[in-house]
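*Asks:* Chains as they are written, first to last, in our numbering: chain A, 30 to 239; chain B, 71 to 151.
Worth flagging that the hints you see were computed from the coordinates, not collected in a lab.
Take these hints with a grain of salt, some might be off.
Unchecked claim - Listed next, the in silico BS3-like pairs over lysine-lysine satisfying Cα-Cα at most 30 Å (straight line): (1) A:K105 x B:K128; (2) A:K97 x B:K122; (3) B:K122 x A:K51; (4) A:K51 x A:K106; (5) B:K125 x A:K171; (6) A:K171 x B:K128; (7) A:K140 x A:K106; (8) A:K171 x A:K212; (9) A:K212 x A:K106; (10) A:K171 x B:K122; (11) A:K105 x B:K125; (12) A:K51 x A:K140; (13) B:K125 x A:K140; (14) B:K128 x A:K97; (15) A:K140 x A:K97; (16) A:K140 x A:K171; (17) A:K212 x B:K128; (18) A:K212 x B:K122; (19) A:K105 x A:K171; (20) B:K125 x A:K51.
The model shown is predicted, which means the values in this text are computed figures rather than measured ones.
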Amino acid sequence: MKPDGVAAQAEPSDLDLVRGIKSGDEDAFEQMVQRYHARVYSLSYGVLRNAEDAEEATQDSFLTLYRKIGTFDESKKFFSWFYRVALNQAYSRARRRKPGTAVSIDDFLPKFASDGHIASPELTDWTTSVEDGVIARELAQKAGDFIADLPPAYRDVIWMYDVEEMATADIAETLEISIPALKSRLHRARLYVRQRLSEVSRGPAQAEAR
Amino acid sequence: MTDWTCRQVILDLLGEYEDGTMAAPERADFERHIEMCPPCVRFLTSYRATGKMLKSLKPEEIPSDLAQSVLAFVRARARKP
């Protein structure tokens, strides 16, 4: 809150707020909540696919922030640290709810003949149905469920990049992986989601042989 | 000039092509394959449609009282330093 009669000042940086929270400044914590609650909720929703769980995970994430801010290394980017805190909270909740259900991504990658051609080419373009808003929403919902089935290493990358539209460098820093590893995981995760969408769009009888 | 197979195009090269980091000569070979390969055209179309669809997955609504509920939750549990 700005004091009366004082001209508006530049927004405090994340690091300013971190230092404020470390020194017990409640206003700094409140500003941090205002700044990041929506992004943490969105991330949590991506993992949990449920509004109530996402809200509770968001609350837990900020409680962890409040309690553990002393362990944050100020030479690092704050949000990358906090994003990892939030991911861990969401995963922990997801494991309690639905343990051990990740699919094997290799089971859902495209298949090729021995000469390198696509094994079972699609005969029609199923993406034309996406122009129908209702079908598009149904498919998007399925895509979210398919992503939720992925091993975390792939799920995080595709959610952060394609859904949250985070910058590549920020994702790599948050997940502590190299950019080439990030790109490789992203591509494989997209291939997986495309394959599963293709199969549900065409029906099991026409699905590519796996 | 290289004749890529569908497997190479889809598994090894497509990601790099889509993010714009592929070198010009490889890009030309990639596009030559796509122009001559209808199954890869359909694959590329659906790959792009998938990426576009994912952008709609963000939760449409953030609970309006979320920030307040977070603050109340933390204040009720946090020990003052």
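*Asks:* It remains to establish, for every hint, whether it holds in the given structure.
*Replies:* We went through each hint and held it up to the structure:
A hinted pair counts as satisfied when its Cα atoms are at most 30 Å apart, and K105 of chain A with K128 of chain B qualifies at roughly 27 Å. Of the pairs offered as hints, the one joining K97 of chain A and K122 of chain B is violated, with about 37 Å between alpha carbons and a cut-off of 30 Å exceeded. Note on K122 of chain B and K51 of chain A: the hinted pairing is violated, with a Cα-Cα distance of about 41 Å set against a maximum of 30 Å. For the hint pairing K51 of chain A with K106 of chain A, the CA-to-CA distance comes to about 16 Å; that is within 30 Å, so the pair holds.
Taken as a hint, the K125 of chain B and K171 of chain A pair is honoured in the structure, with Cα atoms around 13 Å apart against an allowance of 30 Å. For the hint pairing K171 of chain A with K128 of chain B, the CA-to-CA distance comes to about 13 Å; that is within 30 Å, so the pair holds. The straight-line distance between the Cα atoms of K140 of chain A and K106 of chain A is roughly 41 Å, outside the 30 Å bound, and the hint therefore fails. Pair hint K171 of chain A plus K212 of chain A holds up; C-alpha atoms about 23 Å apart against a cutoff of 30 Å.
For the given pair, K212 of chain A sits about 21 Å from K106 of chain A by alpha-carbon distance, which is consistent with the 30 Å threshold. Of the supplied pair hints, the one linking K171 of chain A and K122 of chain B holds, its CA atoms being roughly 14 Å apart against a limit of 30 Å. The straight-line distance between the Cα atoms of K105 of chain A and K125 of chain B is roughly 28 Å, inside the 30 Å bound, and the hint therefore holds. Note on K51 of chain A and K140 of chain A: the hinted pairing is violated, with a Cα-Cα distance of about 53 Å set against a maximum of 30 Å.
Between K125 of chain B and K140 of chain A the CA atoms are separated by roughly 26 Å; this keeps the pair inside 30 Å, and the hint holds. A C-alpha spacing of about 28 Å is found between K128 of chain B and K97 of chain A, which places the hinted pair at or below 30 Å, so the restraint holds. Restraint check for K140 of chain A and K97 of chain A: not satisfied, since their Cα atoms lie roughly 47 Å apart, outside the 30 Å limit. For the hint pairing K140 of chain A with K171 of chain A, the CA-to-CA distance comes to about 22 Å; that is within 30 Å, so the pair holds.
The suggested pairing of K212 of chain A with K128 of chain B holds, with an alpha-carbon distance near 21 Å, which does not exceed 30 Å. With a C-alpha separation of about 17 Å, the suggested pairing of K212 of chain A with K122 of chain B holds against the 30 Å cut-off. For the hint pairing K105 of chain A with K171 of chain A, the CA-to-CA distance comes to about 36 Å; that exceeds 30 Å, so the pair is violated. The hinted pair formed by K125 of chain B and K51 of chain A fails the criterion: a straight-line CA distance of about 36 Å is larger than 30 Å.
Checked against the numbered hints given earlier, this structure breaks hints 2, 3, 7, 12, 15, 19 and 20; the rest are met.
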